[in-house]
Amino acid sequence: MENSQLKKDLNSLRKTVSETSPSSAQQNLMIQFEALQEELERRREECIQLHSVLADHTRRMKSLGTSYGRDVDIINEDGELVLAFEAQKKINRQLEDELQAKERNWRSQRDEWRNEIDRLQEEIEKQQKLLSINLSKSPQTQAELYMQYEVARLTSENLELQEKYDKVAEECRRFKKQCRILAKRLKDAGYEGEERSYVKGTVPNTVEYANGCVAVSSTHGDGSNMPIIRKKERDYEGMFEFRKEDINLIIRHLVIELKPRIAVTLLPGLPAYILFMCIRHTDCINDDDKVRSLLTEYLNAVKRVSKKRDDFDCRVLWMSNTLRLLHNMKQYSGDKPFQIENTPRQNEQCLRNFDLSEYRVVLSNVALWIFNNLITNLKERIQALTVPALLEHEAISVPTDKTGRPRSSSMGGEPDSTQQKLDKLLGELTSVHKTLQYHGVDPEVVVQLFKQLFYFMCASALNNLLLRSELCRWTKGMQIRYNMSHLEQWGRDRRLETASEALQPIIQASQLLQARKTDEDVNSVCEMCNKLTANQIVKILNLYTPVDDYESRVPVSFIKKVQDKLKERGENNEQLLMDLKYSYPVRFSFNPSDIRLEDIEVPEVLHLPMLKKV
Numbered sequence: 001m002e003n004s005q006l007k008k009d010l011n012s013l014r015k016t017v018s019e020t021s022p023s024s025a026q027q028n029l030m031i032q033f034e035a036l037q038e039e040l041e042r043r044r045e046e047c048i049q050l051h052s053v054l055a056d057h058t059r060r061m062k063s064l065g066t067s068y069g070r071d072v073d074i075i076n077e078d079g080e081l082v083l084a085f086e087a088q089k090k091i092n093r094q095l096e097d098e099l100q101a102k103e104r105n106w107r108s109q110r111d112e113w114r115n116e117i118d119r120l121q122e123e124i125e126k127q128q129k130l131l132s133i134n135l136s137k138s139p140q141t142q143a144e145l146y147m148q149y150e151v152a153r154l155t156s157e158n159l160e161l162q163e164k165y166d167k168v169a170e171e172c173r174r175f176k177k178q179c180r181i182l183a184k185r186l187k188d189a190g191y192e193g194e195e196r197s198y199v200k201g202t203v204p205n206t207v208e209y210a211n212g213c214v215a216v217s218s219t220h221g222d223g224s225n226m227p228i229i230r231k232k233e234r235d236y237e238g239m240f241e242f243r244k245e246d247i248n249l250i251i252r253h254l255v256i257e258l259k260p261r262i263a264v265t266l267l268p269g270l271p272a273y274i275l276f277m278c279i280r281h282t283d284c285i286n287d288d289d290k291v292r293s294l295l296t297e298y299l300n301a302v303k304r305v306s307k308k309r310d311d312f313d314c315r316v317l318w319m320s321n322t323l324r325l326l327h328n329m330k331q332y333s334g335d336k337p338f339q340i341e342n343t344p345r346q347n348e349q350c351l352r353n354f355d356l357s358e359y360r361v362v363l364s365n366v367a368l369w370i371f372n373n374l375i376t377n378l379k380e381r382i383q384a385l386t387v388p389a390l391l392e393h394e395a396i397s398v399p400t401d402k403t404g405r406p407r408s409s410s411m412g413g414e415p416d417s418t419q420q421k422l423d424k425l426l427g428e429l430t431s432v433h434k435t436l437q438y439h440g441v442d443p444e445v446v447v448q449l450f451k452q453l454f455y456f457m458c459a460s461a462l463n464n465l466l467l468r469s470e471l472c473r474w475t476k477g478m479q480i481r482y483n484m485s486h487l488e489q490w491g492r493d494r495r496l497e498t499a500s501e502a503l504q505p506i507i508q509a510s511q512l513l514q515a516r517k518t519d520e521d522v523n524s525v526c527e528m529c530n531k532l533t534a535n536q537i538v539k540i541l542n543l544y545t546p547v548d549d550y551e552s553r554v555p556v557s558f559i560k561k562v563q564d565k566l567k568e569r570g571e572n573n574e575q576l577l578m579d580l581k582y583s584y585p586v587r588f589s590f591n592p593s594d595i596r597l598e599d600i601e602v603p604e605v606l607h608l609p610m611l612k613k614v
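Numbers 1 to 614, taken from UniProt numbering, label the letters of the sequence shown in order.
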């Protein structure tokens with residue numbers, strides 16, 4: 001009842017709309033809609049009749065079954081009942097699918113007609129509004145309003161056409177891109193004959209994909225049909241085949257002649273991936289001499305390049321590639337601990353004949369040697385900047401000394417070169433960090449490198465502080481702590497918090513200069529300076545100089561109590577100055593790669609045509 005009432009309301013609404021604007025288009029729409037609705041009613045009646053026939057047939061079968069009593073097997077001797085039941089289920093399912101399809105079709109058409117009716121209704125309202133305005137205006141005003149209406153309508157149509165044009169243009173660009181890709185594939189397949197080449201501007205007619213092959217049928221400029229070329233998609237194994245006599249040439253192009261400015265434009269660690277893919281091929285053919293010659297030439301070339309070129313970028317490049325080769329050897333060694341993050345495909349590509357564990361040790365030693373050379377180079381670069389930037393740089397205005405002369409001022413109390421030292425130091429560190437990132441150095445190695453660098457900076461600054469009494473003042477402690485905060489923030493911005501721990505001794509020394517020095521503060525001072533030795537703490541307290549006449553020197557009793565408290569530590573370290581040559585242990589953690597070897601290609605810039613991808 002509710003559906004019939006809704007249908008009546010819908011029909012009345014349609015008739016009202018059609019009577020309001022009796023156009024032929026709307027009448028045709030109404031006639032088509034009524035015809036579709038009659039068809040739907042007829043189909044529904046057919047379904048009802050079929051359901052009644054089915055119910056009648058079911059009742060007859062039940063009566064037939066009851067007439068035979070318990071001997072149902074007599075009826076179903078050859079499985080007729082099962083076959084009939086299955087056939088009936090298929091018929092019911094088919095009828096239900098047809099009914100649902102008709103209902104979906106009817107609903108979609110109903111929505112379309114409703115949208116069309118709404119659009120026509122809006123159009124009618126606009127025209128009625130325009131007509132009512134025209135009746136009350138002068139002829140000139142009527143013409144202006146009509147022109148405004150036409151302009152708005154044409155603008156709307158133009159926007160719709162522009163959207164359609166944009167879609168078509170996007171499709172055209174996509175098809176052109178596909179054509180270029182297919183043309184490149186044809187060229188790679190050797191389809192470069194003059195009589196078979198594409199005329200510029202022609203577009204392939206069809207592209208067929210079947211059985212892993214690509215078939216392209218194109219139209220020549222003169223209209224003749226081109227033959228179909230099929231190129232099989234190769235399943236590469238992730239290896240490079242090469243001849244033993246080409247090893248020297250490969251190493252020369254891959255290592256000796258490769259410049260860092262070219263390497264940063266390639267995949268980080270690409271030389272290591274290429275070299276390991278060559279190693280995989282020697283493992284596949286089980287050629288011991290070949291792999292031994294290849295690795296020996298690589299190691300000698302890396303050492304020669306690192307020694308010959310006193311270039312920070314070059315050393316970073318080959319430390320990164322040596323570590324990547326080391327990680328690849330571990331990842332594809334077949335050892336279970338190194339296969340945890342491997343894909344099934346990567347496990348299939350593991351080495352089968354060679355055990356390169358001894359070469360892994362050699363590679364690790366070479367990487368450590370390059371790492372130490374980098375540290376030495378960086379120490380030389382920042383040595384002249386460390387003390388001026390951390391100890392002498394004064395960006396905060398401080399009180400005057402006993403003579404009334406300002407000791408420092410941010411308005412020019414110190415030379416420009418001293419003021420710029422901190423910025424220059426941070427700039428050097430930023431340049432180093434960017435270079436390490438460009439060449440894809442492992443994050444753990446970056447942290448260890450900066451930790452060693454920060455230790456050197458801390459040791460240089462603290463040793464200078466312990467030898468210069470003019471730096472052991474409250475104001476200097478404040479300035480040093482301010483400068484160190486810039487360095488700490490720089491490390492936090494680059495996720496080097498672990499490395500920044502090496503700066504704690506000089507930070508605690510600056511805090512000691514600012515701390516209160518009364519008998520009640522003995523415990524807090526000793527706890528605060530846990531990274532400083534007892535001799536260093538006592539030395540700073542003895543060198544401490546008051547700012548003015550209102551501040552007294554550190555009492556001897558306080559120093560004595562601090563010494564007694566520090567004896568409770570039980571430390572055997574009587575060192576005063578920090579060892580500038582001390583080095584933290586370096587550990588190269590295993591860093592697996594998710595790059596698929598079969599996807600790696602040799603760029604032309606490396607000049608390695610002798611490598612054949614397998």
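It is worth saying that the hints were derived from the structure and are not from the lab.
Check the hints yourself; a few may be wrong.
Stated by the list, open to error - Listed next, the in silico BS3-like pairs over lysine-lysine satisfying Cα-Cα at most 25 Å (straight line):
#1 Lys259 x Lys612
#2 Lys612 x Lys244
#3 Lys307 x Lys177
#4 Lys517 x Lys561
#5 Lys89 x Lys129
#6 Lys451 x Lys379
#7 Lys613 x Lys187
#8 Lys187 x Lys177
#9 Lys379 x Lys434
#10 Lys303 x Lys581
Here's how the hints hold up against the structure:
1. Between Lys259 and Lys612 the alpha-carbon distance is near 23 Å, which keeps this suggested pair within the 25 Å criterion.
2. Straight-line distance between C-alpha atoms of Lys612 and Lys244 comes to about 13 Å, which keeps the hinted pair within the 25 Å bound.
3. With a C-alpha separation of about 47 Å, the suggested pairing of Lys307 with Lys177 is violated against the 25 Å cut-off.
4. Distance restraint check for Lys517 and Lys561: the Cα-Cα separation of roughly 11 Å lies within the 25 Å cut-off, and the hinted pair is therefore satisfied.
5. Only pairs whose Cα atoms come within 25 Å are accepted, and Lys89 paired with Lys129 is rejected, the gap being roughly 59 Å.
6. About 12 Å separates the Cα atoms of Lys451 and Lys379, which keeps this hinted pair within 25 Å; it holds.
7. Between Lys613 and Lys187 the CA atoms are separated by roughly 18 Å; this keeps the pair inside 25 Å, and the hint holds.
8. Between Lys187 and Lys177 the CA atoms are separated by roughly 15 Å; this keeps the pair inside 25 Å, and the hint holds.
9. Between Lys379 and Lys434 the alpha-carbon distance is near 17 Å, which keeps this suggested pair within the 25 Å criterion.
10. Using a Cα cut-off of 25 Å, the hinted pair Lys303 and Lys581 holds, with the two alpha carbons roughly 23 Å apart.
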